[in-house]
Amino acid sequence: MTALVGIDLGTTNSALAILDQTGRPEIVPNAEGDHVTPSVVFFELDGSATSVGQAAKDNAIVYPDRVFHEFKRSMATNVPVTVDGQQVAPVELSSLVLRKLVEDTSERKGEIRGAVITVPANFTNEARVATIKAGELASLRVTHIINEPTAALFYYSYHKPVSGTVVVYDFGGGTLDVSIARVSGKNVEIVTSKGDPRLGGIDFDRKLSEVIRRTFEASAGEKFDERTHQLGKTPKEYKKQLTTRNECAVQIVGGKTGRKILTITRQEFETATATLISKADLLVDSTLDEAGLRPADITQVFLVGGSTRMPMVTTHLEKLFGKPPVCHVNPDEVVALGAALYAGFSADEKDLNPAQKSVVSSMELQEVANHFFGTICQTGDATGRQRLSNSIIIEKNTPLPCSKTEPYYTVRPGQQAVDISVTQSATREEDPDFVRTIWEGSLGPLPEGRPANMEIRVTYSYDTNQIMHCRFEDVASGLTKEIDIGVKSGLTDTSLEGVDRILIDDE
Amino acid sequence: MEGIIAVAIVLALLNIGFAFLRSQWKTSGDAALSARPQTASQRPGDAKPSGLLPPMETRLRAEEVTGKHHSYIVQRVEAKGRFPIPEALKLGFTASILDVTELDDEGKPRPIAVVSSLEDYQESDTTCFEDRQELGVVQLYQGWSSWTSVLSVIPETLVPPRKGDRKYQVNVLAYDVDRQPTVRHGFLLDGEPLATWAHEFVWKHESDGWQEHSEKRRESEELIVRLAVAMGFVDGSLHDAEAATIRQWIARRLDLLRPEYRDKQKQEFNEVVKQAYAAARAGKAGASGIIDRLKEVGDASARMEAVELCLDILSADGQAADAELKAVNAIAQRLDVDVEQFEQQKDKRLVDLAGGLNGEVDCYALLNIDRKWGRDQIKAHLNRLYGRWNARAESLADPEERAQAERMLEVIATARKDLVS
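From first to last, the protein sequence lines stand for chains A and B.
Its first residue numbered 1, the first sequence is counted upward by one per residue in my numbering.
Its first residue numbered 1, the second sequence is counted upward by one per residue in my numbering.
The shape of chain B in the complex, shown without the other chains:
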């Protein structure tokens, strides 16, 4: 978090820098114009000044910017020379980035989009990198006589398709603001820029790239479905309510996708469900392997989602079977989800159980007590649970939920009587 804040501060400083850019340009422009001052009667482009600036060129220059906590490398796009304009117009510059690390079968670079983690450095309707600056109206023959910073890239904030050493191509475009070219995902789709330049640099990324992230996300979702089916079979069969819970979860995932991707993903999910169902019915759900893999590829959010879906299955039929409770406790523990968050989510399901705690319950499973714990550890755990459920029995507005909270208090008190006293 500190790093993000620091980057935000650096960006703020850069934006301040851009504010100075225009005044710097005016100064440079004035210097260029001094070779032949324009008059009010002259139209731009009427005549060439004698001290004409050379055509504009651009370059990339790495610069270390020191923030409060640590330093950042900024790749500055600098420009020098005469603006590439046929007449006076509103001039803009944009920088897009493509990852050109990977080569196609012919050994040519295969450009791939690059995402920016900073909202201020994204295309208007995608998350791909773009930096754009507009200079306002510039006159013919104006330009910069010295290297001037126009755009910038903070490599650390780029998200390439994959991690490791990545080669980037920075495409710089000069354009007429009134006839803007269309750039999507870093590719020039439409329009004619006034000039283009390309530069390259290499940066090493330690974190997963967006393709890797997307692949892992998809695999995580498949694993979550497999785990959910396995969870549904914990008591021997998948009940209608449990099946409906899994189906709803998949439907919600599909709803998040663009229509063009939905059918394919639906088929993939269905295939996963069939495999998982067959395996679970054959008693080979392989939950252990699923959990291990999910822990490997799933981020905290995916792991918590898996646990929440398992909890939904646990409470789907309004009953919390001991075997299901044990299973979900074990899943949460092995997936290493946040304990507080897990217990909170579990509690929410437990209060919703319509009479699901009636009769004898296994307090070890329901209260998540480890049989290896000693007396003091159990006592402290029960005290904590008691404090929480006692408060809930007071605050819950729904009478059924309140009754369920009171039943939980009974279970906790019985556990204390049997295990501590």
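Bound conformation, chain A alone:
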């Protein structure tokens, strides 16, 4: 029987869980015995191999140019890193992390053929596709992708009865997602999700580094230089100390002073990171606004992600919602555990034993469209001028599956082709410059000699696997163009050109 696997491919750490034979999700420790694996890749000096996880992370101080992390933040843009003069894409780096997780698990649990991978709720189509590709490069069949807050809520509702309108506050190493859902028992109905892919624990680490540097320079009278000065621990480790203590002693070695001990207080850290917390508040507020809810309407706030361990986060959330947030599971593991449950939930019945079937049969999930989807058309603006405009066809937060048809018209007589596009945006955006075009092409040739205003009917159908079927039809002639956009088709063939250069294990 195939193992049912869920993977949390995180910005700073990743984790893998399986649905065991009793139907219980459990984290599978990696080869080092850790429940989470740092999402860090190190390229060996001779270029012959890579190491992933803690071993790679340990090399960061000595070989900073050969150690790569936080690449999940670049999954949408696919901006590569350079090592030994060669470019390596984020999707390729992610595949190396997945490969380690899978190989470590296979040694203990047998062959893994398919898995559910989680992604931030606001991940763009490109980033979702890139995640699937990363799985494929790691020889893993990705059966589904699921939003991280949804996975977490799946596990929370499995772990303890939940009911009411809840918020999932998923504050990881690199991203913050806020989701609102209506939950009744194990029935999860997502209302909306918003995210900030540029806000996570690593940003707090950087702020703490700045505080340390400033404090050092003020007291030692010399400039802090990373090449000559070395911290006794990583900023992340000092940050952890400040989650339990009001101050920490920071040791700096090197430079003119030789060795210096600084005291950094939690108050200093919180002052330096107040803008980050403010950003997080903005995300919460705008998510509540989008759902048409007030903080008082929220019955529970569930915490997910390691950054929720910072006391200022929990204190702040309690102030914001008027109730303490809930965290009765390990926030680093809950996403992977929920993904494993979802792997069972979405599996064919024949792949489940009676115990597993019994667990997942009582679960229900209603997902929504995570973005607005539209097309570019010509319209008159408020001043009467003709402009290109993004016309929304599928609204964000529409329950899935959904389908919507809108009529558009040719603009001039004798028009023989229509430029067609599929756009994606996180807000109801009309300006084409501010939306992401996820597909573009043309419909034609259209019959000659026709007047303007011939109807072009556009239908978008979005299914529960987050694959969108788009149909563009010239009504009079019946000419149609149909495309599928989603996790199975979004990447161009050329986007993985040269991937073989780093797939060392494939030799």
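Don't take every hint at face value.
[What the hints assert, rightly or not] As a list, the in silico EDC-like pairs of lysine to aspartate or glutamate whose alpha-carbon atoms are at most 20 Å apart:
(1) A:207 with B:406
(2) A:233 with A:203
(3) A:207 with B:410
These are calculated hints, taken from the structure and not from any lab test.
Assemble chain B onto chain A, guided by the hints.
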């Protein structure tokens, strides 16, 4: 909009009416011919029938046409009598309109062209009113024995030179389709119609006429240039990039003009620029008065154009100075432009600023926060801005633009920390 749709429906009905016209003519023609049926061997014009129709005459008759939402007056051009033809030919009728309200020094009407707001009722290469119908081949001595509607005018869709009570002269021409007379701007320029008739009616227009519109448009453009120069001087001097932006805007306006008008307009623009420049350098740009006047004479499009040009000046040198931001916010507010559209246009410039938001910024100016607002209003405003810029930081493809969007998010978060938390 509803009114336009309703007019379009009425026109569609009128066109259907014209389709019936020819069958009506055939019936009338047959009635006329019944006095003396033609035979195949006879050539038209060989002999006069005994019951000859009188010569053709025309008239204007006002008729109320009821649409779905409201009624319209239609001035019908009706004709009766024998077609004014020397032989069998393809007969056409056309109606042109001239505004004859104004008189010259001798007290004679000074005819001025009249524009039609409906494309179907325009001359082939101008927007001036014309209704034209062709009847096909008609025979000598044929005609209509009763008043028959030939052409029509919907006064409400006419655009006279100026608003108010306007006196119109409707010139009806009968012509040989194979030798069409040339009518431009309502004036007969060339050719010999078979017959002409003239009728008059008066209509009151509440909206600006085309001359008024044109005058206001020209004044608006001058005001936009004055405002742009004033905007350029907000930080004390007009930089090269700002000057180039204004010059490009003027050049684009001139490109839209016909060559014969271009030189004169160029001189006028240059004169305006000189005056505005001198005034701004002397610290007397008078932006407030310019804005008030522009609000008075400029339509929504002109006002938005003014704001967009000011935004272009703001971003021309790649930096957004606080004073410039404050100025452009105030201009947009006082010109009462669409807030969403303004913010969208402003955002487009802000993402293009190459490092223009580095360093300390005045969040009130950059984020358009009114200092009179209370905490809740600021919070709601910041939430809205955050949602928009967060989405843009995700969707913008250009790394520099994305970085700029992220910088905006920093400013918004800082503003929330300082003003709301």
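Here's how the hints hold up against the structure:
| no. | hint | verdict |
| --- | --- | --- |
| 1 | A:207 with B:406 | 16 Å, holds |
| 2 | A:233 with A:203 | 17 Å, holds |
| 3 | A:207 with B:410 | 14 Å, holds |
Of the hints listed earlier, there is not a single one the structure fails to meet.
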